[in-house]
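Q: Could you fit the two chains together into a complex? Lean on the hints.
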Amino acid sequence: MNIIFLTLGLSIAIALVFLSAFIWATKKGQYDDLTTPSERMLLDDYEIKEIKKDDKEEKVK
Amino acid sequence: MKHTTASSHRISRDLIEATHCLHCGEGLTLSNRVLSNGNYFCCSGCSSVFELLNTLGLNDFYKIKEEQNIDKIGRPIDPESTEEYGYLDQDNFINQYTSVEYPLSMNFYIEGIHCGACLWLLERIPDYSPYIESVCLNMSTNIASVQFNENKKFSSFPDLVKRFGYKAHPLKVEEEGQKLKKQENQKSLIRISVAAVCAGNIMLLSAAIYSGAEGIFAEQFGLLNLLLTLPVVTYCALPFYKSVVSSIRAKRVTVDIPIVFVILVGFLLSFYNFLRGNDQVYFDSVTAFVFLLLASRYFLKSIQDRISNKEPASRSLFSQNKILIWDNRNKQFFLEPLDDLRSGQRVKINNGDRIPVDGKLLSPRAELNLSVLTGENIPQTLLKNDLIYAGSILNSDQATIEVTNTGSSTRIGKLLDEVERNYKSKISSSTYSDKFATIFTLAVGITALISFVIISKVLDPSAALNRVMAFVLIACPCAFVFALPLTFGLSLNKAVEKGILVKSSKIFEKIPHIKNIFFDKTGTLTNGVYRILKWDAQALSKDDKASILAIEKKSNHPIARAIVSRISEPNMILPNVIDFKHIYTKGVSANVNGNVYEILSDKNIDNTNEINEIITTKIIIKKDGQTISELYLGDSLKEDAKYVVNLLQKKDCKVHILSGDNENNVKNTALKLGIGERDIYWGKTPEEKAQIINDSQNTLMVGDGLNDTSAFSSADVGVSVQGSVEESLKVSDTYILNNSLINVVDLLEYGAIARDSIKRNTRFSVAYNVVAGTLALFGYINPLMAAVLMPLSSILLIGSSLYGHNKLNIRRKTP
Chain V
1 MNIIFLTLGL SIAIALVFLS AFIWATKKGQ YDDLTTPSER MLLDDYEIKE
51 IKKDDKEEKV K
Chain S
1001 MKHTTASSHR ISRDLIEATH CLHCGEGLTL SNRVLSNGNY FCCSGCSSVF
1051 ELLNTLGLND FYKIKEEQNI DKIGRPIDPE STEEYGYLDQ DNFINQYTSV
1101 EYPLSMNFYI EGIHCGACLW LLERIPDYSP YIESVCLNMS TNIASVQFNE
1151 NKKFSSFPDL VKRFGYKAHP LKVEEEGQKL KKQENQKSLI RISVAAVCAG
1201 NIMLLSAAIY SGAEGIFAEQ FGLLNLLLTL PVVTYCALPF YKSVVSSIRA
1251 KRVTVDIPIV FVILVGFLLS FYNFLRGNDQ VYFDSVTAFV FLLLASRYFL
1301 KSIQDRISNK EPASRSLFSQ NKILIWDNRN KQFFLEPLDD LRSGQRVKIN
1351 NGDRIPVDGK LLSPRAELNL SVLTGENIPQ TLLKNDLIYA GSILNSDQAT
1401 IEVTNTGSST RIGKLLDEVE RNYKSKISSS TYSDKFATIF TLAVGITALI
1451 SFVIISKVLD PSAALNRVMA FVLIACPCAF VFALPLTFGL SLNKAVEKGI
1501 LVKSSKIFEK IPHIKNIFFD KTGTLTNGVY RILKWDAQAL SKDDKASILA
1551 IEKKSNHPIA RAIVSRISEP NMILPNVIDF KHIYTKGVSA NVNGNVYEIL
1601 SDKNIDNTNE INEIITTKII IKKDGQTISE LYLGDSLKED AKYVVNLLQK
1651 KDCKVHILSG DNENNVKNTA LKLGIGERDI YWGKTPEEKA QIINDSQNTL
1701 MVGDGLNDTS AFSSADVGVS VQGSVEESLK VSDTYILNNS LINVVDLLEY
1751 GAIARDSIKR NTRFSVAYNV VAGTLALFGY INPLMAAVLM PLSSILLIGS
1801 SLYGHNKLNI RRKTP
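Each protein sequence line maps, in turn, to chains V and S. Per my numbering, the first sequence starts with residue 1, numbered consecutively. Per my numbering, the second sequence starts with residue 1001, numbered consecutively.
These aren't lab readings, by the way, just hints derived from the structure by calculation. Treat the hints with care, since some could be wrong.
[Unchecked claim] Here are the simulated lysine to aspartate or glutamate pairs, EDC-like style, with alpha carbons at most 20 angstroms apart:
| id | chain 1 | residue 1 | chain 2 | residue 2 |
| --- | --- | --- | --- | --- |
| 1 | S | LYS1534 | S | GLU1630 |
| 2 | S | LYS1651 | S | GLU1663 |
| 3 | S | LYS1063 | V | GLU39 |
| 4 | S | LYS1187 | V | ASP32 |
| 5 | S | LYS1424 | S | GLU1184 |
| 6 | S | LYS1618 | S | GLU1598 |
| 7 | S | LYS1187 | V | ASP33 |
| 8 | S | LYS1181 | V | GLU39 |
Because the structure is a prediction, the values reported are computed rather than measured.
This is chain S alone, in the form it adopts within the complex (with noise of 0.2 angstroms):
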């Protein structure tokens, strides 16, 4: 039974009891209520923007909502979040933003839209903002192109965004790549169309020669034929040509050969027999053939676009655009573009910002997250001259840095053109069906040289030539090369509504040849937070826990959150904190209504053994030192980590861990993951993880964003299941999104439904053509038998890609 969340809520109110937040769907339990004004809500963020909808009128979003039948809308994003726009309405910033031609349009990627309600939400804007004069939100790359009138007060879009639960980012204007991909989409589309105009008539004119028209008419119309091949032989069929040049230069196979051996055969031949005057012709097939294959071929990109598009337009790896500059003659730090940025420039980076380039750190110290680089989620302590890299995050309070790289000449931009490069080689790298298609070619042309020889003995040379013609026509595996991107469309289609996204078929294609799986521990196979697994916190009296948890909300730390999301309650006051201290490597210290409190980190630990935790930190917390209260706080292995290691041995892979952590941790992971020792290797870094991976074969390595980068480009397939989509797909293959092992399971499987649809795709062909090809060089086809039986073998391929498809509707019994 359907529960709308108005209706869940009407029950409710008679029952005392609400079942779903009214703003977003999500499930309400008793821990995670928040009550607002009578009605029920699953966080603050959602009762704030309820409330702020109902203040401008625009109550009829959740009438929206009941109406298209959405239980179920993303929770805000980052509803305290102090980002901050200001930056968009100063000059030196708006020229990047906004174009000579449209000076008063910014284009923004939109985090968080799921519905029609959320569109009619942000085209409604212009109608109470005095500021916005059109919004236009394209719903498959969530970009919103947004007018704004003579205020030039860009920063009102973002701000009220940011209070409905979205979050915009500004979009550059110069991003060439959205432009380019924009035509090159448009210029397929008029390819097709050209192509269907042109042999749809072929066809008509065709139909009418085949039905006996004579003399003049049969002339005249097949001199139209010829005029309306030509566009689809030239135009319509020039993309094929040119990877056939680029596929010939770099000396690999690739299944374009065999395309444009057809239409160029096809079409010559059937040239030099209109000139003889001969009826020999196959104009219509050809060009039906180009037609089907490049809308085949438009289908998958239009479906891999669609998995691409989940990342902004942005090149950078960082949403980050914008950076304080220290300006000597004024004696400040000013607000620039990140582009204007040079080395031995000065900047100063905020507390909990991403730091965009390489340099020395001024400040005497600094506490940063690394992960990025080393893998580890553990702050550490630089002090000052130590080198920092890119993609750091800073944790303690500001730092001052003098920049030595800026953009792709820092460590993390090098490291992302190569994995760039890796990928590039990848996708274009020859699969089966390239082998398959191109062997057969080679077939088909020799048996057509043979046979021209020996028909031509044994009848006459034209009816050899015209035989042969035929031969080649029909015997090409045509059909099996437009089945091939529909199986695939299909399959990644498919996989992107279980919620894995496969940035390409060639990818798709390696995987069903995986037989070793690397899994890197934090974060994939454990649940990489810091999580509390013992503490009597209610043995603590009130003020003490509040004035914890008011501590430990100044922290960034890990550790910090975990014991700010144990203790937090809703409507609690929390009392001033003086004093606040970082001690590096130990913990957090400050002074609260004149108690010294200390929360410090303790490494004398031993591990218990329960099932799926582990135990890494213990925390004491000293009053006035005095020992208060002790904690213990670990990570946990994901759920089902055990069940899909399992099934992964039991399809004939070998499963790895690969880790930076220390032994005893990673051991410990093993013994309950059911793995063995000689698999798993520790306190790996990341250039040794990629090493280990290179020195495999077929491997697939399941990681975390941007923590794995090597090992994922290294990798003959990389699956990141954690951290930003826009990110981890950057620098890995493949994102799933539910965070769930278990779709790594069906990855496989897919990618070996896939590999079963080809092969019988692959075998009908070949029987096929071996018998058609039999019957052409004993004289049996002509033109009209190639115009039916092409469209036929075609379907009949089509279907077996859709049942294929079909397969892929498979149930799995949950652990």
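Extracted from the complex, chain V is given alone in its bound form (with noise of 0.2 angstroms):
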């Protein structure tokens, strides 16, 4: 059973592996905006109605 130590110590390697890349993920600032992605996820589908160019330039202006 003392196999049980190196399965020991892959696991633990491995949740540490997990946890780095939590921290990595919070410090690039995904966990910052909880809601919004939610929002976002739902409005792909959508497209703008094609319109010529010019016209909307000069609208924007």
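A: Put into structure tokens, the structure is as follows:
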């Protein structure tokens, strides 16, 4: 049963890998905003109707 | 049955009756309808946004609204605002708003975001704007991060956004507050994750040990447990240690003291036992405890942050950030950043602007709205060399001021600093839960010492040590300590759903103790707007009406606004106004189509006694010297004012009125609301109001925004019911969104329910701890039992808090 020390070591190592991944993701700011991505996910299907580019630029300016 | 706006419109076309505004979903009545190209809207703002979206090909906005079942969005904010954003493109401003690493990126706080459709609209802007590369909106802070291209036309974003019906406030770069908040949030999450990983693995290893692992396995697992505990009791628990150190220095008791006590005792004694080769080791309980505590505190904090995020990150009270400064060399006024202003310089203020400095008036006259400092909404006239204070709004055309004080050294700046200080002391004072937790800890500590001595005598010191340690771990009010943030988090959340924003849970704890409630009169108990109560406007000719409308549109006075809103009709052609004059303290006059119109106020009035109405002013309209019309203006009590006062009195609270208005009006109001004459105060300045509140106990002040700043900070709980969110939350502890007084009653009830929940938790805690503690002292508790009992008690307490949360869904009959 001494294999358990190997498996134990491995499992702790894997846990540490995941922990560092989480810490990296947090520091990158992925958890700063938890509400907007859920809204954004629902919006992918809509495209702006095609209108002549120059018309739009006129209105926007 | 749900009506989406589009379907209500399809039906409506058949019935020739539209029921909802096509853009914002607001209900339409016969009087507020606007017809444009065959579609019905509630106002011209909505119709122009609709047209704009059509032109740009963005009608999917309405499809998204329908898909997400959003019935109502807010009205467009200030669509006719003349606010200019051109200054953002000037070099001297750019540095303030963009950072060195991202010179083409600017952050804006967006007012008016309500749903996913808005998110879509804003984030689609780069698709067609020739100046904007990307837009990323954060819906919890309402801050949009916008990337521009080399053209550097930063003003394009706020200009465009304005036309969609939102308002974008540019945010300065060195908003340290926002950056620090983000870092703190990230650190908290990392601490929780470390605690979770360590506690979880320790539990796995401990399960092995409890199941009978022996010999070298038990040793190694035990060592691993110890190693995994170290980061938790040092890094993860650090915030608690810091908090205890500062509370000891301030000689205050807080609920963190028992927490630190448990962690240290648990860890140190377990460590000692580990070295002795003993199995009385409690690493799993200690680390799980730290994890649960961090998690529940994070939950509470995220709710409190969501509330305080409703204000933009700007430090200054005024959203203004630029000012016209006189340059002596070029003999001209130049637009400069507000921060560059020094005292002694001369500045020009435009009509409608809020004055951001203290200074001396250089113009011969100016009409100012001093409500921020005096509480009076009626404009005052100031003459040359009079002192002007920051916060006043300019009602007359233009004024030049010589600056004496800027920023936080202005009178209102100092006032806000004092509010900040008072607030900090309000939330750091000890509350019921702090005191309970600490007394309990003292009791446990003393019992532990005594028991150690006794058991050492009866048995032996090491058995005594183990039993005492088990006792401390079990009997400390740990579960109570983290059920507390949970209770408050849930209560605060519930309050937010109802539109009550409470800044901190400490304020919430004070609410059940309130005995005296002070109401401001104007704007709080009354609607605060000049309303026309009696006017035979129909008797006027169409030309006269148009002329009066054209004249009054030029003034910012509340009376002018009331007149405009009464006789304004859509598609009215307004004649030219020549020779417009402000006749100070009297009214206005002008020349229209050859006739001289004078619209003057007359102070000789008698008060009629109709319910809810208080007449304050009489206006006489003269044409070429002849009186052609008279009208009466006044204020009216809010509809639910009497009902609310009644409910509050039934709750055993004394209701008072604190007002700056004259004796007659205040007595009248009190009479109509059923408040005794002993409890009302009239003619009080803001300082006097604060003093009256100071002299009373257990006070709650209800007022509107900036007018009652000192009073709010003197009261135990300050509640503002009107005005903008960001300004109000700066000066008071609580803000009620819908301007409805009944929420004050709701607030009191939520506070009581939260307190009941805490009391229930307290009783359970005491009972459980006494029983379990006794068991521990008699040697029945070992690490395994502790590891099981603790989660059990935690679950029970969490359940109890949630049960209390359900009670918050109270229904009340409307008056």
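Q: With reference to the structure, classify each hint as holding or not holding.
A: Comparing the hints with the structure gives:
no.: 1; hint: LYS1534(S) x GLU1630(S); result: 9 angstroms, holds
no.: 2; hint: LYS1651(S) x GLU1663(S); result: 28 angstroms, violated
no.: 3; hint: LYS1063(S) x GLU39(V); result: 15 angstroms, holds
no.: 4; hint: LYS1187(S) x ASP32(V); result: 11 angstroms, holds
no.: 5; hint: LYS1424(S) x GLU1184(S); result: 19 angstroms, holds
no.: 6; hint: LYS1618(S) x GLU1598(S); result: 14 angstroms, holds
no.: 7; hint: LYS1187(S) x ASP33(V); result: 15 angstroms, holds
no.: 8; hint: LYS1181(S) x GLU39(V); result: 23 angstroms, violated
Violated hints, listed in ascending order, are 2, 8; each of the other numbered hints is respected by the structure.
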